[in-house]
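2 protein chains.
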Amino acid sequence: MDQATMQQTLVQMGERAKYASRALAILPAKAKNDCLLAMAEAIENGAEEIRLANEKDLAAARVSGLSEAKIDRLTLTPSRISGMAEGLRIVAAQEDPVGRVLSRNVRPNGLEITKVSVPFGVIGIIYESRPNVTVDAAGICLKAGNAVILRGGKEAFHSNLVLSQILDRTATACGLPGGIVQLIPWTDRAAVPLMLKLDQYIDLVIPRGGESLIRAVVADATMPVLKHYKGVCHLFVDEACDQERALDIIENAKCQRPGVCNALETLLISRKIAPEFAPKFAERMAKCGVELRGDEEFRKLVPGAVPAEESDWSAEYLALILAVRIVEDTSSAMEHINRYGSHHSDGILSAVPEHIETFLAGVDSAAVYANASTRFTDGGEFGMGAEIGISTDKLHARGPMGADELTTYQYRIRGTGQIR
Amino acid sequence: MDQATMQQTLVQMGERAKYASRALAILPAKAKNDCLLAMAEAIENGAEEIRLANEKDLAAARVSGLSEAKIDRLTLTPSRISGMAEGLRIVAAQEDPVGRVLSRNVRPNGLEITKVSVPFGVIGIIYESRPNVTVDAAGICLKAGNAVILRGGKEAFHSNLVLSQILDRTATACGLPGGIVQLIPWTDRAAVPLMLKLDQYIDLVIPRGGESLIRAVVADATMPVLKHYKGVCHLFVDEACDQERALDIIENAKCQRPGVCNALETLLISRKIAPEFAPKFAERMAKCGVELRGDEEFRKLVPGAVPAEESDWSAEYLALILAVRIVEDTSSAMEHINRYGSHHSDGILSAVPEHIETFLAGVDSAAVYANASTRFTDGGEFGMGAEIGISTDKLHARGPMGADELTTYQYRIRGTGQIR
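Protein chains in written order, with our numbering: chain A, 1 to 420; chain B, 1 to 420.
Hint data in this document are derived by calculation from the structure and do not stem from the laboratory.
The model shown is predicted, which means the values in this text are computed figures rather than measured ones.
It is possible that part of the hints are untrue.
Copies of the same chain look alike in the list, so a pair counts if it fits in one copy or across any two.
[Said to hold, decoys possible] Pairs of lysine-lysine, BS3-like flavour, derived with a Cα cap of 27 Å: (1) 154 x 280; (2) 230 x 115; (3) 280 x 300; (4) 70 x 56; (5) 197 x 230; (6) 300 x 272.
All chains, full assembly: derive it from the sequences and hints.
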């Protein structure tokens, strides 16, 4: 397809989405939830249609020699299909994120100023692999009153297309304008930069995937982007702390699921307890099969550790590797984290309340922990319900993002003829 | 100065600001307020130093033939100097925007998750003319716990430099690290693109000035930008409303200060009352010296009006010109506003509660009004205290931005050994 035709189609999609978003913005919560429930049913009733489309993707994946792991993520089993439907029902049951009164203020002149949460309008989601993102993302966007334009990975194209069509025609059947859920209908790579020029129609883009995808989106986007770079998470073992508990937390943060963004990547140990703690810690990590990369001081205590290089302090291993450094105290731990970290999730393991409070206020990260595993940085664990991602940005949303974070706000001012 | 030296100096400024910002982040409210009060005193005590620097700028301005209006804006009279000091005292007296508990949640596993407002870190402000912005912007940034890197207009360079130095050395005298307030120490245009590459140090940039300045900043910035494009503000005169009051509101919104972003630019009139209302309205506007540019239907009622062209519907005149269109009803008014407006400030003049509520919820603007002048979109009028600008963005801050909007948030999670 030539660029001009593609661009024209994208502009039409943008216009449809914008138009639909205005209808969504004034839709009562019950109507949105009824629509989400109808979508859940439609996904279940469409299981056969979905499986046929998914078969096409799987056949192509086998021909192109996709890895078994990727083929598994691509496969829509009956239980995964009902899982998507169930996800929509959970979103439907959540509190409405739109229309929350964030503040209210009557001015001396009688003007009543109410700050109210409202939808963004149109959200673009760019994602890589699993087709369930199509349904999850559309559901949470609809909950927050937004129309969505989706761009999924090419491996899941047929599955994504059928899913988005089922969702959009259900919305239409519920009386909404068409264009609430639209998938970019080509796998052509050129579509993404064109989509990212639609700032007249798309209010916000959320890329979900690896760092290179995200950097490409940020470079090309003309609209704001909410993004998640890497998670280089730290724990600091303070001079006074329950060392056995610290070992359990470290093991959990490093090993329970090493491939995720909230897993531990660097451990900092207070110099005062290092001689006692380091060997115990090394023993526990050895049991878990974790490779340690330590600074010189740590390697004196644990001679088997690999020498850490400067690059290790900012590495997101996503594997059973852990960088280890001995530091003077809470202040030097904070300095290391603020300098080398990715401002994602960092914690202190300590029994000293003042150290804990200093650390919590002084570490510039989305989530700061005292005496718990960093693995809790997650919309579900935070009690947010559905999550659209974790933001490492500081503007607008930081940390796990749920439906609330897919709203902006508006000031509604009621007067009786006030003039300046 | 060559680019490389400039860049090196900017990186050093960024590092100083970042370092200083970490000290600011954990500073108690009282210490920040004491520092603001000390700054106010230092500005007053430094009046002579400030006037001497300002004289240099004024001399250069006269040589380069700056307009009288611009020279006036540049001039720091004794009363303007005490005005800047007074501004700092007002900011000091405001509530602390940092450490507000935005939500608190104890999870079933006992984790206590608190969402707390925290400073951004380092804010860059790029502005054009008046030297008082140096003090206002630094004061509000400090109140919100942020270090600031300022880039002022070249006409005010010497005034800005002295003001920023007085502020920064006062901060140091109050025990803070140097680098809380820094001004880019050259007038060279090349400094701005270099500053906008410092995303490692500057968390947020706020440009204040004309549209061309803002577009240039957005194009070059690698960090998030909070910006204000134009204000194409509308009022819609509904079929049922107090027409005399409507005329007063229209006059105020259009004429009280036509050169500002919250002034009225387009009036929409309900078809049902147009034959009665349009002539009265035209008469009032004629008295105020306002040129009317109407659609065909309006011109049948007011033959003297200039024909409006398509470009008039999105024009920000900032002058005594008003575009006028007859529309069917509230829905068509909303459609016009959402399509042609700039999502700044738009209002309905109506006696019908359902029309008002539909309009307030359905118009996609930062501030939506019922029966009041759009001129109230302003930090002071909203009761925010000091204002750093008005955002036409949807991400993070919308409408007037005060010290609260110069904070982000952080999740602080307190546990007792929780693991996943």
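Consistency of the hints with the structure:
1. In this homomeric assembly, residue 154 and residue 280 never come within 27 Å of each other (Cα to Cα): the closest approach is 48 Å inside a single copy and 61 Å across copies.
2. In the homo-oligomer, the alpha carbons of residue 230 and residue 115 lie at most 27 Å apart only across protomers (22 Å), although the nearest pairing inside one protomer, at 34 Å, exceeds that limit.
3. Proximity of residue 280 and residue 300 under a CA criterion of 27 Å is satisfied intra-copy only: 14 Å inside one chain copy versus 90 Å between copies.
4. Within a single copy, residue 70 and residue 56 get their C-alpha atoms as close as 15 Å, which meets the 27 Å cut-off; across copies the closest is 68 Å, which misses it.
5. Taking the shortest Cα distances, residue 197 and residue 230 sit within 27 Å of each other both inside one copy (25 Å) and across copies (20 Å).
6. Taking the shortest Cα distances, residue 300 and residue 272 sit within 27 Å of each other inside one copy (15 Å), while across copies they are farther apart (87 Å).
In summary, the structure is inconsistent with hint 1 from the numbered list given earlier, while agreeing with all the others.
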